[in-house]
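Q: This is what each chain is made of:
Number of protein chains: 2
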Amino acid sequence: MAEKITPRETDFSQWYLDVVLNARLADYSPVKGCMVIRPNGYSIWEKIRDSLDRRIRATGTRNAYFPLFIPESFLSREAEHVEGFAPELAVVTQAGGKELEERLVVRPTSETIINSMFSKWIQSYRDLPLKLNQWANVVRWEMRTRLFLRTTEFLWQEGHTCHATPEEAEQMSREILDVYRNFCEETLAMPVYWGLKTDSERFAGAVRTYCIEGMMQDRKALQAGTTHFLGDNFAKAFETKFLDSDGKEKLVHQSSWGVSTRLIGGLVMTHSDDKGLVLPPSVAETHVVIIPIGKKGSPELESVLIASEKLAEAIRSSNASVCVQVDADMTKQAGWKFHEVELIGIPLRIEVGPRDLDKNQAVVARRDTGKKEFLPLEKIPAFVTEALGLMQKNLLDKAKKFRDENTHRAGSYEEFKKLMADNAGFVEGAWCQGKECEEKAKTENKSTIRCLPLDSAWNKIAEKDPCILCGAQKENVRAIMAKSY
Amino acid sequence: MAEKITPRETDFSQWYLDVVLNARLADYSPVKGCMVIRPNGYSIWEKIRDSLDRRIRATGTRNAYFPLFIPESFLSREAEHVEGFAPELAVVTQAGGKELEERLVVRPTSETIINSMFSKWIQSYRDLPLKLNQWANVVRWEMRTRLFLRTTEFLWQEGHTCHATPEEAEQMSREILDVYRNFCEETLAMPVYWGLKTDSERFAGAVRTYCIEGMMQDRKALQAGTTHFLGDNFAKAFETKFLDSDGKEKLVHQSSWGVSTRLIGGLVMTHSDDKGLVLPPSVAETHVVIIPIGKKGSPELESVLIASEKLAEAIRSSNASVCVQVDADMTKQAGWKFHEVELIGIPLRIEVGPRDLDKNQAVVARRDTGKKEFLPLEKIPAFVTEALGLMQKNLLDKAKKFRDENTHRAGSYEEFKKLMADNAGFVEGAWCQGKECEEKAKTENKSTIRCLPLDSAWNKIAEKDPCILCGAQKENVRAIMAKSY
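First to last, the sequence lines map onto chains A and B. Residue numbering for the first sequence follows my numbering, starting at 13 and increasing by one per position. Residue numbering for the second sequence follows my numbering, starting at 13 and increasing by one per position.
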């Protein structure tokens, strides 16, 4: 119930866990760092999967499935890759009652195992481009975990593509960045900044890493997805070559990209409030709950129940994509039910009571604004469709407004330092591309460069401004810095 | 290409692998016993998942996700369970660079980890029934593997339910058995026998195991799915208890059930032929491929290409659920394409050539019957929908006929022995329920009791007949025996 939820102002971190646990999105498991995704949470993941899958397919990518286990030696073939992942690996050393000759790593990501297949499948330029995606679980041994945001095992999709030229491969990583960005805005109602990661934040084994970054309600950044231009790093390690139309043997150029169940955490921290979960209609399993009100056993209640079912049917036939439920369990109080549907993030609540029914009306309440309206029954189906659309838009607008209001432009180190000390949100400013300055932002201000934005002439705009960390005026680029998850 | 496929008559086992590999459904991976599911195979799994998921939801079951890893001690809590699975376990002993304090088993099935959560979530009879399902990967270390049919890692769904009474739990396992059976017949066009497993074939930890059994084209049986009535075995081990309405604390009663990527193997061995894959339209990703025919660069080809695209559009607008592709890659010969679409199991092939186009017609060829028809272009969209429906029905009818023709009734051991020696198919007969007789079928005839059928008064019908293995006439039941995968 709502009483169990710590207000955001009191303790944002506790509020987040309270919402996740009380809305029954996930629970702790007996395995350290691994979570259980409960039906209320998993239904969100299914909506995410379906929407994103359609968008990924539209880029000419097909789904496949590769093994969970990777021979330990595969990881080592790409030097940066193994260095990056070695501390996080879970290793199977025994199987079928015996010690294994070669230890098997539980996949932290699948570049290596997939390249071992690519090198077998790809012979000629006619086999390119090859674009595959898989929906799978991966394991990264984490010291500090938090439900959805960072867990030892998580669910994700990982795309892996091969191209004849580096330009095509990089173009693919940019195309998917757009897919992620549009998906976040249109489906999750979560606005994101998009851009390039700095070298120190690059994926282990990539040439360049792109990312999308959302702002949570505590004004911290959440990395919501990454795409990588891998160059021929993995192709070299696995001899993924093709015979080009000019008769020459060449290495393929690759991209890889992924988003995970972390998005559910981002969704919660973007939209939810002190009453519980707020979900954009596009990822809500149930859109409308009708709550019949009346005294148990009374003839009035009987009419109310009939009218509720009739209304549910009318909504369904007016819009087949709207999922409506009637909560006819009269062992529970209406007040309890109101709290419950707010807690679990049902977008629209409809109350049908005997007195309203006499006036041929019902009350419709919107989860995002809390606004209640009395409406004639026959107008409700059309209103539902309209309200769900408005709610989807309103959540995005609200999140965008919040993000923009909390994104600041800094011209000097003093300004930057103060904004970070105040937890003021994102700071945009010039950066000299020096590692020392990046480090200074981290150690002195607990912030990181989230991305070098790509939304306009990115590498140019900041050239004239001094670096907000050291004051230098040399090859500066525009950077977005923030505290982050 | 088709030439690479060994005929079924020559070597059924090799034919199967040839179809799977050449139709690019799956491939061997560098990890022993683990396969790669390629896009052509994974799209079948997605169709299976979507169709079965809808049917499972209709039973009031919701999807969730539980951890991949299970603490080793959990397995041991249910004595039969650990005994059954211990030889097949893969064990993580190191993670994050350290030796683990408690070794983690990669789930071979999730009864134990899920019960650890059930015991936390279930307090009162109001929490029952609780019906959850998960789509996941599981690992069972197998000595002899075969693509799809038996692999170390496989994909499946596993349902787990809790009920207040044993009757309800058993009823659930029977309800899902019906779901599986209908799904196999309606979606996969694969007829199955359904019934009870003998004690020796029971799931480790179950009270009773039910199963569906299909007949492959080599007349061997394939277990296509199982459902288990678990009684309170796991509830006892994990103290999964509830406070009943009578104020007493009681153990819950449970069911669990699953089908896996093995179904894809069953699909191949039920319908495919010496030309390659044959797919029921309901699990085909692409239903129709239009092949334009003409000389490269000729004006006739231009008209053919335009007419092909127009036809594709007409089919799509006549039936949005039909997926149509035009293969306009003119670097490949039409003859090569004909073989290719047969090999990968496209239900309908349409050839559009200049001469036919002059007559305003095209050729439509059905994959299952090989029948070709010349049809006026405007009649093709309606024909496609009709032909796909007929094909779905025809494949089921054909498989049913084959199965029935190869199911024999035996009255004596001599009859039984001869039928098994002839690889004649399934044998139906009375069984005295003696373990020695079951063993005799195995050692002397390489066959097993596939199930005790449930389709009529099962425990009664055979009472008067002598056991076909020992001749006894005591508490006999009807049994279906066969060689199997």
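Just so you know, the hints here were simulated from the structure itself, not pulled from any lab data. One thing to keep in mind: the hints can contain errors.
A pair counts as met if it fits within one copy or between any two copies, since identical chains are not told apart.
Derived lysine-lysine pairs resembling DSBU-like cross-links, with alpha carbons at most 35 angstroms apart [said to hold, decoys possible]:
| id | residue 1 | residue 2 |
| --- | --- | --- |
| 1 | K16 | K262 |
| 2 | K44 | K405 |
| 3 | K344 | K458 |
| 4 | K413 | K371 |
| 5 | K110 | K405 |
| 6 | K132 | K454 |
| 7 | K349 | K322 |
| 8 | K260 | K59 |
| 9 | K454 | K384 |
| 10 | K132 | K413 |
| 11 | K248 | K110 |
| 12 | K371 | K430 |
| 13 | K307 | K262 |
| 14 | K59 | K322 |
| 15 | K110 | K384 |
| 16 | K476 | K405 |
| 17 | K308 | K405 |
| 18 | K44 | K430 |
| 19 | K349 | K413 |
| 20 | K384 | K260 |
| 21 | K391 | K410 |
Q: For each hint, tell me whether it holds in the structure or not.
A: Results of checking the hints against the structure:
1. Proximity of K16 and K262 under a CA criterion of 35 angstroms is satisfied inter-copy only: 29 angstroms between copies versus 61 angstroms inside one chain copy.
2. With identical chains, the CA atoms of K44 and K405 are never at most 35 angstroms apart, being 39 angstroms at best within one copy and 50 angstroms at best between copies.
3. When the C-alpha separation of K344 and K458 is checked against a cutoff of 35 angstroms, the pair qualifies neither within a copy, at 48 angstroms, nor between copies, at 59 angstroms.
4. In this assembly of identical chains, K413 and K371 lie within 35 angstroms of each other by CA distance neither inside one copy nor across copies; the values are 39 angstroms within and 63 angstroms between.
5. In the homo-oligomer, the alpha carbons of K110 and K405 never lie at most 35 angstroms apart, since the shortest distance is 57 angstroms inside one protomer and 48 angstroms across protomers.
6. In this assembly of identical chains, the alpha carbons of K132 and K454 never lie at most 35 angstroms apart, being 44 angstroms within a copy and 41 angstroms across copies at closest.
7. Only within a single protomer do K349 and K322 lie at most 35 angstroms apart by alpha-carbon distance; the minimum there is 20 angstroms, versus 54 angstroms between protomers.
8. For the homomeric pair K260 and K59, neither the shortest alpha-carbon distance inside one copy (45 angstroms) nor that between copies (40 angstroms) is at most 35 angstroms.
9. For the identical chains of this complex, K454 and K384 are neighbours neither inside a copy (46 angstroms) nor across copies (70 angstroms), given an alpha-carbon limit of 35 angstroms.
10. Taking CA atoms no more than 35 angstroms apart as the test, K132 paired with K413 passes in neither setting, with 50 angstroms inside one copy and 41 angstroms between copies.
11. For the homomeric pair K248 and K110, the shortest alpha-carbon distances inside one copy (34 angstroms) and between copies (31 angstroms) are both at most 35 angstroms.
12. In the homo-oligomer, the alpha carbons of K371 and K430 never lie at most 35 angstroms apart, since the shortest distance is 58 angstroms inside one protomer and 80 angstroms across protomers.
13. For a Cα distance limit of 35 angstroms, the shortest separation of K307 from K262 across copies, 32 angstroms, qualifies, whereas the shortest one inside one copy, 77 angstroms, does not.
14. In this assembly of identical chains, K59 and K322 lie within 35 angstroms of each other by CA distance both inside one copy and across copies; the values are 27 angstroms within and 34 angstroms between.
15. When the C-alpha separation of K110 and K384 is checked against a cutoff of 35 angstroms, the pair qualifies neither within a copy, at 65 angstroms, nor between copies, at 56 angstroms.
16. With identical chains, the CA atoms of K476 and K405 are never at most 35 angstroms apart, being 37 angstroms at best within one copy and 72 angstroms at best between copies.
17. In this assembly of identical chains, K308 and K405 lie within 35 angstroms of each other by CA distance neither inside one copy nor across copies; the values are 39 angstroms within and 50 angstroms between.
18. Proximity of K44 and K430 under a CA criterion of 35 angstroms is satisfied in neither setting, with 38 angstroms inside one chain copy and 57 angstroms between copies.
19. Taking the shortest Cα distances, K349 and K413 sit within 35 angstroms of each other inside one copy (32 angstroms), while across copies they are farther apart (55 angstroms).
20. Taking CA atoms no more than 35 angstroms apart as the test, K384 paired with K260 passes in neither setting, with 69 angstroms inside one copy and 43 angstroms between copies.
21. Taking identical chains as interchangeable, the C-alpha atoms of K391 and K410 lie at most 35 angstroms apart only when both belong to the same chain, with a minimum of 27 angstroms there against 53 angstroms between chains.
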